[in-house]
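Peer 1: Using the hints, put the two standalone chains together into the complex.
These protein sequence lines are chains A and B, in that order. All residue numbers for the first sequence refer to this note's numbering, where the first residue is 518 and numbers rise by one. All residue numbers for the second sequence refer to this note's numbering, where the first residue is 10 and numbers rise by one.
Please keep in mind that the hints were generated in silico from the structure rather than gathered at the bench. Any given hint could be a false lead.
Claimed, not checked - With a straight-line cut-off of 16 Å between C-alpha atoms, the simulated EDC-like cross-links for lysine to aspartate or glutamate are:
| id | chain 1 | residue 1 | chain 2 | residue 2 |
| --- | --- | --- | --- | --- |
| 1 | B | Lys318 | A | Asp749 |
| 2 | A | Lys678 | B | Asp200 |
| 3 | B | Lys149 | A | Glu726 |
| 4 | A | Lys607 | B | Glu151 |
| 5 | B | Lys257 | A | Glu675 |
| 6 | B | Lys25 | A | Glu675 |
| 7 | B | Lys136 | A | Asp735 |
| 8 | B | Lys283 | A | Glu761 |
| 9 | B | Lys323 | A | Asp752 |
| 10 | A | Lys744 | B | Glu205 |
| 11 | B | Lys320 | A | Asp752 |
| 12 | A | Lys699 | B | Glu293 |
| 13 | B | Lys188 | A | Glu667 |
| 14 | B | Lys323 | A | Glu760 |
| 15 | B | Lys283 | A | Glu760 |
| 16 | A | Lys678 | B | Glu193 |
| 17 | B | Lys149 | A | Glu761 |
| 18 | B | Lys188 | A | Glu568 |
| 19 | A | Lys519 | A | Glu585 |
| 20 | B | Lys76 | A | Glu679 |
| 21 | A | Lys763 | B | Glu205 |
| 22 | B | Lys198 | A | Glu675 |
| 23 | B | Lys318 | A | Glu568 |
| 24 | B | Lys318 | A | Glu760 |
| 25 | A | Lys540 | A | Asp735 |
| 26 | B | Lys167 | B | Asp39 |
| 27 | A | Lys678 | B | Glu205 |
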Amino acid sequence: MKILVCISSVPDTTSKINFTADKSAFDKNGIQWVINPLDEFALTKAVKLQETQGATVTVINVGDAATEPVIRKALAIGANDAVRVNLDPKDSYSTAKEIAAVAQNGGYDLILCGKESIDYNGGSVPGMVAQLLNQPFVNASVGLDVNGSEATAVREIEGGKETISVKLPAVIAGQKGLVDEKDLIIPNMRGIMSARTKPLQVVEPASSEVKVQGVSYDSVPPRAAVKMVSPDNLDELVRLLHEEAKVI
Amino acid sequence: MAVFVYAENINGVYKKAALEAVSYAKAIADQAGDTVTAISVNPTDSSDVLYKYGASNVINIKDEGLKNFSAKAFAQAVNEVADGNTIVFPHTTDASSLAPMLAVMKNYSLITNVLEAPESLSPFQVKRRAFSGKGFMHAKAEGNGVIITVSQNAFGVKESAVSGSEEVKNLSVANEDTKVISHEQSSGKLDLKEAEIVVSAGRGMKGPENWGMIEDLANVLGAATACSKPVSDIGWRPHTEHVGQTGKAISPNLYIAVGISGAIQHLAGVNSSKTIVVINNDAEAPFFKSADYGVVGDAFQIIPALTEKIKAIKG
Ligand SMILES: Cc1cc2nc3c(=O)[nH]c(=O)nc-3n(C[C@H](O)[C@H](O)[C@H](O)COP(=O)(O)OP(=O)(O)OC[C@H]3O[C@@H](n4cnc5c(N)ncnc54)[C@H](O)[C@@H]3O)c2cc1C
Numbered sequence: 518m519k520i521l522v523c524i525s526s527v528p529d530t531t532s533k534i535n536f537t538a539d540k541s542a543f544d545k546n547g548i549q550w551v552i553n554p555l556d557e558f559a560l561t562k563a564v565k566l567q568e569t570q571g572a573t574v575t576v577i578n579v580g581d582a583a584t585e586p587v588i589r590k591a592l593a594i595g596a597n598d599a600v601r602v603n604l605d606p607k608d609s610y611s612t613a614k615e616i617a618a619v620a621q622n623g624g625y626d627l628i629l630c631g632k633e634s635i636d637y638n639g640g641s642v643p644g645m646v647a648q649l650l651n652q653p654f655v656n657a658s659v660g661l662d663v664n665g666s667e668a669t670a671v672r673e674i675e676g677g678k679e680t681i682s683v684k685l686p687a688v689i690a691g692q693k694g695l696v697d698e699k700d701l702i703i704p705n706m707r708g709i710m711s712a713r714t715k716p717l718q719v720v721e722p723a724s725s726e727v728k729v730q731g732v733s734y735d736s737v738p739p740r741a742a743v744k745m746v747s748p749d750n751l752d753e754l755v756r757l758l759h760e761e762a763k764v765i
Numbered sequence: 010m011a012v013f014v015y016a017e018n019i020n021g022v023y024k025k026a027a028l029e030a031v032s033y034a035k036a037i038a039d040q041a042g043d044t045v046t047a048i049s050v051n052p053t054d055s056s057d058v059l060y061k062y063g064a065s066n067v068i069n070i071k072d073e074g075l076k077n078f079s080a081k082a083f084a085q086a087v088n089e090v091a092d093g094n095t096i097v098f099p100h101t102t103d104a105s106s107l108a109p110m111l112a113v114m115k116n117y118s119l120i121t122n123v124l125e126a127p128e129s130l131s132p133f134q135v136k137r138r139a140f141s142g143k144g145f146m147h148a149k150a151e152g153n154g155v156i157i158t159v160s161q162n163a164f165g166v167k168e169s170a171v172s173g174s175e176e177v178k179n180l181s182v183a184n185e186d187t188k189v190i191s192h193e194q195s196s197g198k199l200d201l202k203e204a205e206i207v208v209s210a211g212r213g214m215k216g217p218e219n220w221g222m223i224e225d226l227a228n229v230l231g232a233a234t235a236c237s238k239p240v241s242d243i244g245w246r247p248h249t250e251h252v253g254q255t256g257k258a259i260s261p262n263l264y265i266a267v268g269i270s271g272a273i274q275h276l277a278g279v280n281s282s283k284t285i286v287v288i289n290n291d292a293e294a295p296f297f298k299s300a301d302y303g304v305v306g307d308a309f310q311i312i313p314a315l316t317e318k319i320k321a322i323k324g
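Chain B extracted, bound-state conformation (with noise of 0.2 Å):
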C-alpha cells in the first residue's frame, strides 16, 4: 500500500499545511508497514525538508507549463506520477481544488476535511468534520483507492525523520484552457487557516478604525486576524477574514473572539479551535457558553491592557 502525499508549495516553499499532510500520510504509512512519497510541483525547497517528516521518497516535478496553477493541470501531473493507492492532500484551497479532479481520473474514493489517523485502512475509515463542525461523519471508501484530503491543523505537523531520496521528473503537461493574468499575494501576512493563533473581532468593535488593538494584539502573539460575517458584510474588514459557516473554518490552537455574540453560523466555523476565549461586555451573550475563558467587560479597555500585558511576559 504505498502511501503518497501532495506537499503544496507556495512559490516553491513548503507550506506547514504540507507537512502536516507528510506527517499524516507517515502515521497511515506506519500503520500499514510502508513508505511514503512526496509529489511536489516546482520546489525550490531542499527535499530535506520532506524527509524530516517522514517521506523517504519525494518526487520533484519539473514543468514549466505548471508555473501557475490550474486544478486540472496539476491533477493531470499528480495523476502521472501518484503511482499508489492512497493519496493525501493537505485541504488547501489549491490542493482540494485538484483532488475531486483526480479522484475521478484515477476512480479514488474521495473524503475529504478530515480530522484524525484513520479508524481502519481496509476498508479505509476515518473520521471528517461534517454538517459545518456542528458534527462529525465516520466515512468509509468503497472500492480500492482512496485519495484523503487533511483538515488544517488537525492532525498536526509531527516530525519523523527518515533518510530519503529524490527523484526529478520532467513533464510537460498541456495546459491551455486556463490562463493566469494576475496574481496578488500580500507578503508576510499570516495565512488564517494555518494560523495558531487568531485574534477576531465583530460588530461590537462599533467600526473599522478600531482594528488597530485587534491589530496590535494579533502582532505580539504573533496571530491572524479574523471577523465575523456581519463586519466583512458592511466593508470593514476584507471577506478573506470573514469566518464561520459561510467563510473559513479554522481550527487554531487559540481563538480570542472579541465583542463577537457567538451566533451559531459564526461558532460552526470556529468551534474546533482548542482553546476559545470570548471577551464581550454582555454577561448574556451565546458566546461564553462555547468558550473556555471568558471576560464579561468592555474590549475598548481589556483588548490594549491584554495586549501590554502579554507583550511583558513575551519580553
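So here's chain A without its partners, still in its complex pose (with noise of 0.2 Å):
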C-alpha cells in the first residue's frame, strides 16, 4: 500500500500573527515553522499504517526551499520519503492542483491529509485534491483502519459521528482522534539522523493558475479594557450580562 500524506508548513501555535506594513501580507519575520498541527495526525496514521501493514509513506508539500526543514521533520517521525513541489502556494486551488499532479503518476492508494492548516484557514485542499482525482473524499475524520483495497473510516458529525467504508483509492482529511494526542510521534535521534538521507525530491509546479488573492489582511482589533466584578457581588455581573452586554 502506498500513502501520500500532504503537509503545510504553518507558523508556530504561539506565534504572534504579524502583517507588513502596507498590510498586503503576512510578515514571516521571526516565524517559527512547524508541520500544520492536523497534519500530524495524518502523518501519525500513516506511519502506524507503515508499522502494521506495511505501507510506504511519502510526504508532499508545496513550498519553497525554506519548508525543508519541516519536511525533514516529517521524515524523521517516520516517512519513507517526500516530494517537494518547488512553488510558494498562493491559493488553495493552486495547492491542490500540484498534489494531484504528483499524485497522479504515483499511484496512491490513500491521501491522507489534515482538514484544515492553521494558518489561512482553507480546509480546501482535501476535497478539491479528490475532486481533481475524481477520488472518494471523506472529511473531519476520526478514525481510520485499512482493509486491503477498502478503508473505514469514522467521520465527526455535529452531534455525533458516523462511520463509513470507503473504496481506495481515496482521500482522507484527519483532526485530532484520528490517533490520540499521546501517540503523536516526536522523533528522536536515530530518525532525526535517517531523515538526512532519506529521498526528498523537488519537482518544479505544473501550472500556477491562482483563484483567490489575498488582497489584504487585518489583525483581531483589540477588545475593551476588562470590566472585573467582585466573586461577593455576582449580581452585577449578571445585570451586566443582562443589561450592557445583553446576552442573557
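Peer 2: Below, the structure written as C-alpha cells:
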C-alpha cells in the first residue's frame, strides 16, 4: 500500500500574527515553522499503517526551499520519502492542483491530509484534491482502518459521528482523534539522523493558476478593557450580562 | 447573477446554519438586484422556512441514493441544479466538505470561512477568518464564478420574508464509493458551533467529576458546553468539545470560560465570541486581557452561585 501525506508548513501555534506595513501580506519575520498540527495526526496515522501493514509513506509539500526543515521533520517522524513542489502556494486551488499532479502518477492507495491548515484556514485542499483525482473524500476523520482495497473511516458530524466504508483509492482529511494526542511521534535521534539521507525530491510546479487572491490582511482589534466584578457581587455580573451586553 | 444557496438539513430539518446561509445569500442578491434559489437534499421541513429568510425559489432534490451523506455525491447533485455563478454554503462539516469538490467541478473560486457581507460583488471580495482567528484576510475571487462558505454565527440569521415557490427534482446520483455503516447522533444536545451561549471549562476544574456544575450553568442558560485542549486530551471531556486553534472555532454571543488560562492557542478558537466572561482564581491569568468581564475567584464557589442567580432572573 502506498500512502501520500500532504503536509503544510505553518507558523508555530504560539506565533503572534503580524502583517507587513502595507497589510498586503503575512509578515514571516521571526516566525518558527512547524508541520500543521492537524497534518501531524494524518502523518502519525500513516506511519502506524506503515508499521502494521507495511505501507510506504511519502510526504508531499507545496512550498519553497524554506519549508525543507519541516519536510525533514516529517521524514524524521517516519515517512519513507518526500516530494516538494517548488512553489510558494498562493491559494488552496493552486496547492491542490500540484498535489493532484504528483498523486496522478504515483499510484497512491490513500491520500491523507489534515482537514485544515491553521494559517489560512482554507479547509479546501483535501476536497479539491479528491475531486481533481475523481476519488471519494471523507472529511473531519477521527478514526481510520484499512482493509485491502477498502478503508473504514469514522467522521465527526455535528453532535455525533458516522462510520463509513470507503473504496480506495480515496482522500481522507483527518483531525485530532485520527490518532490519540499521546501517540503523536516526537522524532528521536535515530529518526533525525536517518531523515538526512532519505530521498527528498524537488519537482517544478505543473501550473500556476490562482483562483483566490489575498488582497489585504487585518489584525484582530483589541477588546475594550475588561470590567472586573467582585466574586461577592455576582448580581452585578448578571446585571451587566443582561443590561449592558444583552446576552442573557 | 443568480444566487444559489445550499440549505443544509439534518434529518430533514433545516439547520440554523442553513438559515444563516440563506440570509447571507439574500444580502448578496439584494446588492445585485437578483433573487435567491435554495437547494436542499431530501428535506422534510416546509419550504416556507426558507422563504422567510429570503429564498424565493426552493429546489428540493429527491434522491434515495442521497439518504446518507457523501461529499462527492452531494457535490454532484448540487452541481446538477446550481445554475448560477454565486453559490453560498454554511461552513458546517458537511457543507464545507462538498464545497471544495463543487468548486473544482464548476471551475469556480472558493472562499471559505466568510465573516461578513461582500465588500464588492464584481470582482467578488470578502472578509474571511484566517490565522485561526488571529487575523483576517480580504479575499478576492478571480474568474467568473464563486462559491463561499459562511462561518457559523458570524453573519447572523436575518428574516426577510418573500413569497416563494418550490420545485422538486428527482435525481439518482451514483453513490457507490462510500457507504455509511453506522450513524450515531446524540439527540437533544445543542450543537457547539451553532450555540449562542457556550460555557467552557479548563484544567482548573480539577477533574471530570466536577463538570456537573458546568452543565448546570449551561442548562439554565440554554448553552452548549466546551473545554480546553488538555481537558479533552486527558479524556475528561470528549474531543468534540475541544475549542481552539486545533479544535473547533466558535463565535457565540456569550462565551463563559471557567478555569481556563487563556493560552494563545485557546484564544484562537474563541476570540471572535461577541462577549467573553472569564472566571479564574489567578488574577494574572492571561485570559483576563481578552475578556469583557472578569471575576477573580474560586470557580467551585462562583459557578453554583452564578447558576442560582441566573435561574432567579430567568424565573
Ligand atoms: C500545537 C498546540 C495546539 C494547541 N491547541 C489548543 C487548542 O486548540 N485549544 C486549547 O484550549 N489549547 C490548545 N493548546 C494548549 C494551550 O497551549 C494550553 O496549554 C491550554 O489551552 C491550557 O488549558 P487550560 O487553560 O484548561 O489549563 P491550564 O493552563 O492548566 O490552566 C488552568 C487555569 O485554571 C485556573 N484555575 C485553577 N483552579 C481554579 C479554580 N478553582 N477556580 C478558577 N480557576 C482555577 C488556573 O489559574 C489556570 O489559569 C495547544 C498547544 C499546542 C502546543
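Peer 1: Please go over all the hints and tell whether each is borne out by the structure.
Peer 2: Here's how the hints hold up against the structure:
Only pairs whose Cα atoms come within 16 Å are accepted, and B:Lys318 paired with A:Asp749 is accepted, the gap being roughly 12 Å. Distance check on the hinted pair: A:Lys678 and B:Asp200 sit about 13 Å apart at the alpha-carbon level, within 16 Å; holds. Restraint check: the Cα-Cα separation between B:Lys149 and A:Glu726 comes to about 14 Å, which is no more than 16 Å; the hinted pair holds. The hinted pair formed by A:Lys607 and B:Glu151 meets the criterion: a straight-line CA distance of about 12 Å does not exceed 16 Å.
Between the alpha carbons of B:Lys257 and A:Glu675 the distance comes to roughly 11 Å, so the proposed pair stays at or under 16 Å and holds. For a cut-off of 16 Å, the pair hint linking B:Lys25 to A:Glu675 stands: about 12 Å separates their Cα positions. Straight-line distance between C-alpha atoms of B:Lys136 and A:Asp735 comes to about 9 Å, which keeps the hinted pair within the 16 Å bound. The straight-line distance between the Cα atoms of B:Lys283 and A:Glu761 is roughly 13 Å, inside the 16 Å bound, and the hint therefore holds.
Using a Cα cut-off of 16 Å, the hinted pair B:Lys323 and A:Asp752 holds, with the two alpha carbons roughly 13 Å apart. With a C-alpha separation of about 22 Å, the suggested pairing of A:Lys744 with B:Glu205 is violated against the 16 Å cut-off. Distance check on the hinted pair: B:Lys320 and A:Asp752 sit about 12 Å apart at the alpha-carbon level, within 16 Å; holds. Proposed proximity of A:Lys699 and B:Glu293 is contradicted: the alpha carbons are some 29 Å apart, above 16 Å.
Between B:Lys188 and A:Glu667, the direct Cα distance comes to roughly 11 Å. Compliance with the 16 Å bound is thereby established for this hinted pair. Distance hint between B:Lys323 and A:Glu760 is fulfilled; the C-alpha atoms sit about 14 Å from each other, no more than 16 Å. The hinted pair formed by B:Lys283 and A:Glu760 meets the criterion: a straight-line CA distance of about 15 Å does not exceed 16 Å. Distance check on the hinted pair: A:Lys678 and B:Glu193 sit about 5 Å apart at the alpha-carbon level, within 16 Å; holds.
Distance restraint check for B:Lys149 and A:Glu761: the Cα-Cα separation of roughly 37 Å exceeds the 16 Å cut-off, and the hinted pair is therefore not satisfied. Proposed proximity of B:Lys188 and A:Glu568 is contradicted: the alpha carbons are some 27 Å apart, above 16 Å. For the proposed pair A:Lys519 and A:Glu585, the alpha carbon gap of about 22 Å is over 16 Å, so the pair is violated. Restraint check: the Cα-Cα separation between B:Lys76 and A:Glu679 comes to about 13 Å, which is no more than 16 Å; the hinted pair holds.
For the suggested pair A:Lys763 and B:Glu205, the alpha carbons sit about 12 Å apart, so the restraint of at most 16 Å is met. Restraint check for B:Lys198 and A:Glu675: satisfied, since their Cα atoms lie roughly 10 Å apart, inside the 16 Å limit. With a CA separation close to 56 Å, the supplied pair B:Lys318 and A:Glu568 exceeds the 16 Å bound. For the suggested pair B:Lys318 and A:Glu760, the alpha carbons sit about 15 Å apart, so the restraint of at most 16 Å is met.
Among the hinted pairs, A:Lys540 with A:Asp735 is consistent with the structure: their alpha-carbon atoms are about 7 Å apart, no more than 16 Å. At most 16 Å may separate the alpha-carbon atoms for a hinted pair to count; B:Lys167 and B:Asp39 meet this at roughly 13 Å. As the CA atoms of A:Lys678 and B:Glu205 are separated by approximately 22 Å, the hinted pair breaks the 16 Å bound.
Checked against the numbered hints above, the structure breaks hints 10, 12, 17, 18, 19, 23 and 27 and satisfies the rest.
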